[in-house]
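Student: Each chain, written out:
Number of protein chains: 2
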Amino acid sequence: MKVMNVDTPSVLINLDRMEKNIAEMQRFCDEHNYQFRPHIKTHKIPEIAHMQLAAGAIGITCQKIGEAEVMAAGGIKDILIYYNILGESKLERLARLAHRANISVAVDSETTLKGIGEMAGTAGCRLGVFIDCDTGIHRTGVNSPADALKLAQLVMQYPNLEFKGLSTFPLTPSSGPWFEEAQQVFEAAHVAIPMVSAGSSRGPQYAQDIPQVTALCAGTYVFYDWSSVETGLVDVERCAASVVATVVSRPTATTATIDAGSKTLSSDFGYMKNGDGYGHILDFPQARIFSLSEEHGQVDFSQCDRVPEVGERVFVLPNHVCAMINLHDVVYGVRGDEVEVIWEVGARGKVR
Amino acid sequence: MKVMNVDTPSVLINLDRMEKNIAEMQRFCDEHNYQFRPHIKTHKIPEIAHMQLAAGAIGITCQKIGEAEVMAAGGIKDILIYYNILGESKLERLARLAHRANISVAVDSETTLKGIGEMAGTAGCRLGVFIDCDTGIHRTGVNSPADALKLAQLVMQYPNLEFKGLSTFPLTPSSGPWFEEAQQVFEAAHVAIPMVSAGSSRGPQYAQDIPQVTALCAGTYVFYDWSSVETGLVDVERCAASVVATVVSRPTATTATIDAGSKTLSSDFGYMKNGDGYGHILDFPQARIFSLSEEHGQVDFSQCDRVPEVGERVFVLPNHVCAMINLHDVVYGVRGDEVEVIWEVGARGKVR
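Protein sequence lines correspond, in order, to chains A and B. By this note's numbering, the letter at position 291 of the first sequence is numbered 291, and the numbering carries on one by one without gaps. By this note's numbering, the letter at position 296 of the second sequence is numbered 296, and the numbering carries on one by one without gaps.
Next up, chain A with everything else stripped away, as it sits in the complex (with noise of 0.2 Å):
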């Protein structure tokens, strides 16, 4: 199937840039001796999963037990679910597929680790236990070294959890005196830190920085997309998903309307907190997505040369990639001008 028979809108991945994308992230890791555990969120497909554990990682993470049921069922594991478990729900799912796979959690609260430790004593499973730290953004995870220090000997209490370190999303400046402080404070508590982990696909440009990370995580990289060039962490180039859509109509002379809107590419805005814009268009990097309704992207082509016309095709880097993926039930691996693969997005849909 050639790419210009894909009917749109749909997504394609550039494979090529997706290989390249791999390579790298991981070839920095090796290079700087940090474990990689991917994020699989950006592109929920297990075999995708699969080829960045063949270039080095160590397994992979996962925001969500359906999501890891996925990748379970796909043959992966070891998963981190980097989430606070709770509710007896997902705590039995939990303890199913800790049965499967070699699973790890992130805690941040007595509460949550006291259901997983109780849930895994009583399934007789093992789960590895990070603590998740707030060095920074305040969305997550405990506060201070010292309540890092005290969960943590918590967690080996149960003897069916293990520690495995500490954790935290994503590295912000204040993340170096935070870890450095939490290292003060473990050993003079005599507790070893297996593991510091740290997250985003922003994180390789800050570790360098803190000596105690010894591990990262990143989900974005994968594809990367146009929130990730306008905020200068990549260019263009290795941007690998985009989105091709035709133009259903010219209501100006100036501006033309494209069949992917909100529920196509995304209203959300990724890294950028506000953008100009809706994503960005290949061949026409002047041309502005200047609205968003559900199933129509209006662009202004006023400063392009030409616009182009009902029934042409053209090829959208969305503003956040993640978001964007999460809305289609297939996405079209290409090669040059071929179709290698169509991939089911696997893991799509798993809210909870």
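Derived from the structure by calculation, the hints contain no laboratory data. One should not assume that every hint holds.
Note: identical chains are not told apart, hence a pair may lie in one copy or across any two.
To be verified - In silico lysine to any residue, SDA-like type, Cα no more than 20 Å apart, as pairs: (1) Lys350 with Arg93; (2) Lys350 with Asp329; (3) Lys114 with Asp7; (4) Lys20 with Val339; (5) Lys114 with Gly311; (6) Lys150 with Asp209; (7) Lys350 with Asp7; (8) Lys114 with Gln153.
Place chain B on chain A using the hints.
Tutor: Structure of chain B alone, referenced to chain A:
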């Protein structure tokens, strides 16, 4: 199953409120002699479409062929696909649909019309055609009443197409003068306009000032959402769809983090161009969801009497219900504290 046993995050539909919303919109249309064709993009569930038809709707509106295919498979017999349909793959699917149900489409260009007219001739199917009119927002639609007439006359040259009337989305202050001029232009040419259809759940507010409008289309009204409340359309008691979420972390004394982020609520603002927060928490009206990441919502409870603890549940009205439902594979229809029905969101993920 009790509502309290539904795992989080999940979409809850208050059936009493939904039924009231369906009945009241239909009563308004009946009282004012509007034909009503609800847009199913909001719920994407055939059974709810049947409820809307049973209340008196003349048919349904879809935005995509994929939605129409699901609705036709659900037994719906009269469907307007309010979209410029282009390309061989979609035209073939349109022809198959037109053999199973009464299908109309909207067109705003000769390019689109030509494809549809020729396909209908080749496939031997009949299709209704609305001329999509740009009466204000420059998203799609012909630019002028004269262009509408020209395109309507072209429709009549295709033996398998029937000119059904004019349509616009949404009604704006300029829609009135536009349709007044259209009436004059069409009368001068002795071309009858069978129907003038106007879209959006805000339509009823404006339609009564425009005597040419004979039919309404609305989607959001079936559930409404926080943006409907914030923009003064309805009271909060009309909102029928919420997300039940669990507090998974308490990073600070005055904030809590819930297990509903942008992949559960969507970061779309709906009717609001920019909202102050990503939804509204029932029972905590002063709380503010100040940040969404993919699987976390960060909530400021500093203006509330208390802050919910880890493990507590909260109920969130989404800013944009259409974008939210589109993220979920199922929704839970509830009455009182009982789950009465679990609906698959049948037309979710139909990006084409």
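Student: Against each hint, give a clear statement of whether it holds in the structure.
Tutor: Hint by hint, here is what the structure shows:
{"no.": "1", "hint": "Lys350 with Arg93", "result": "within (13 Å within a copy, 29 Å between copies)"}
{"no.": "2", "hint": "Lys350 with Asp329", "result": "both (12 Å within a copy, 8 Å between copies)"}
{"no.": "3", "hint": "Lys114 with Asp7", "result": "between (50 Å within a copy, 19 Å between copies)"}
{"no.": "4", "hint": "Lys20 with Val339", "result": "within (18 Å within a copy, 48 Å between copies)"}
{"no.": "5", "hint": "Lys114 with Gly311", "result": "between (58 Å within a copy, 12 Å between copies)"}
{"no.": "6", "hint": "Lys150 with Asp209", "result": "neither (26 Å within a copy, 67 Å between copies)"}
{"no.": "7", "hint": "Lys350 with Asp7", "result": "between (26 Å within a copy, 12 Å between copies)"}
{"no.": "8", "hint": "Lys114 with Gln153", "result": "within (13 Å within a copy, 72 Å between copies)"}
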